[in-house]
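K.L.:
Work out the full structure: start from the sequences and follow the hints.
For the record, the sequence lines run as chains F and H.
Residues 1485 to 1678 in the working numbering are what the first sequence spells out, letter by letter.
Residues 1305 to 1581 in the working numbering are what the second sequence spells out, letter by letter.
Hints are computed from structural coordinates only; laboratory data are not their basis.
One should not assume that every hint holds.
[Stated by the list, open to error] Per label pair, the in silico range of CB-to-CB distance:
#1 H:1329 - F:1636: 51 to 57 Å
#2 H:1348 - F:1623: 32 to 38 Å
#3 H:1381 - F:1604: 22 to 28 Å
[Said to hold, decoys possible] Computed footprint of chain F on chain H; a stretch qualifies when at least three of its residues, placed anywhere within it, have a C-beta under 8 Å from a C-beta of chain F:
#4 1361-1373
#5 1383-1394
#6 1551-1564
Glycine residues also receive a C-beta, built at the ideal position from the N, C-alpha and C atoms.
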Amino acid sequence: MAQPIAPFASAAPQPDPAMEELLQSVVDTARAIFGAQASSILLLETEKDELVFEAVSGQGQDFLVGRRFPAGRGIAGWVAASGEPMVVDDLHDSTSFDRDIARSTGYVPDALMAAPLVHGDRVLGVLEVLDPSPQARSSLTELDLLCLFARQAAVALNVLTTHTRRAPAPDASPDPSRTELLRLLSEARRLLGE
Amino acid sequence: MTTVRRPAPGLTWGLRGRGPDDVPVDADGPPSPPEGGLLGGTGQGIRVCVVDSGVERDHPMVGPVARSWRVLKDEDGVRVEETEEGDACGHGTACAGIIRRTAPDCELSSVRVLGERFSGSGDVLLEGIRWAVRQRFDVINLSLSTSSDRFVEQLRRLADEAYFQQTVIVASAHNTHVESFPWRFSSVISVGSHQEDDPDLHLYNPEPPVEFFAPGQRVRVAWLGGTSIRSSGNSFATPFIAGLCARILSSHPRLTPFQLKNALYLSAANVRVHGSR
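P.N.:
The following block contains the structure:
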């Protein structure tokens, strides 16, 4: 079960381009891995008790970023609170599936996978994959794969945030770790685009 | 009128001045292999509690819910109160439906530890488990765990308290390779998933800490609004074993937790007694 944490990275007053790049890369890659209609990252803001869409790939990409909803509800809420992944299928008959959230997002999936972004015993947020390809639905193997990927994403998120918090002197040379991370992200996105 | 005060019976630390005739035990068992009807009960008379996100009332796959509580955390601390609210997510309802399918005549109750706010921290889980244990349920389904070391010792004590009062805690192993609790304790029955299609198959794990495997892939589960979905994970394997516990206990009500674990062991599909099933 997750531990409440202070706001980690979301809703920063001034968006960090590197953070945006990282999160977008994660959701683009997750969507590609699972052949999904959409993927999104929701970060947890414990002070406001909300989950916030921080990056979206595919369905909802144009309007979902910045939307927020109560952190205690729905599948994403359960994943954030429990620290456990979840994969559900056959949602089309479930009229009440996260109704409020679905209404606000304008997209109701038939299948959904969600894994926590965890660093240590802290949950930073949730990685969701909506409507993965039929071959990638509901199996434990896919759940394992999603968790592995979410773990990697959480590590990257933590590294980036840690480096971001150490504000460099104005004339300091760029942090090599950060530069390398950004280079890898650009490479991953280039490969996905090919 | 005078009241004769008798000393309360203490914990049995040792057997001083008493012999075997002073500690008789009326027992069930030992359980027979499956042909003996080991899993033959219906759950009748067994009280099962789901500690999770709540349970939707009157769901066709769940049926009646006897009692529902929720754990609240605010500036006054952590407390438990009865609630008419159902399920905030669907997860608890899913677990309850599997228990009902497995042990149709058991009495189901719910303690909600998730879904109020993002207060799903270890102390809320701990209080929910404590409440369920103190209500002396026969079986507690816990498809949750905490990875916080801060709660390990309290959880261990609580798991032992349950064990010694004949309350069986059936706990999900974490879905990833995460060290979390209380499923790691030997005083509970821990459950992971197998990938077989047989919805009634359970296996013993000869390489614990996860002790049993049950159906956890593409499981048809109850969901919000009286509906159902398919889902995967240890969360749904666990209530199957909890349901089996209720069934076994309904036909052998005096089984201790260690006997119950033995009954699950003997009835596991991969366990061969003297080379045969």
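K.L.:
Against the structure, test the hints numbered earlier, and report the numbers of the ones violated in rising order.
P.N.:
4, 6
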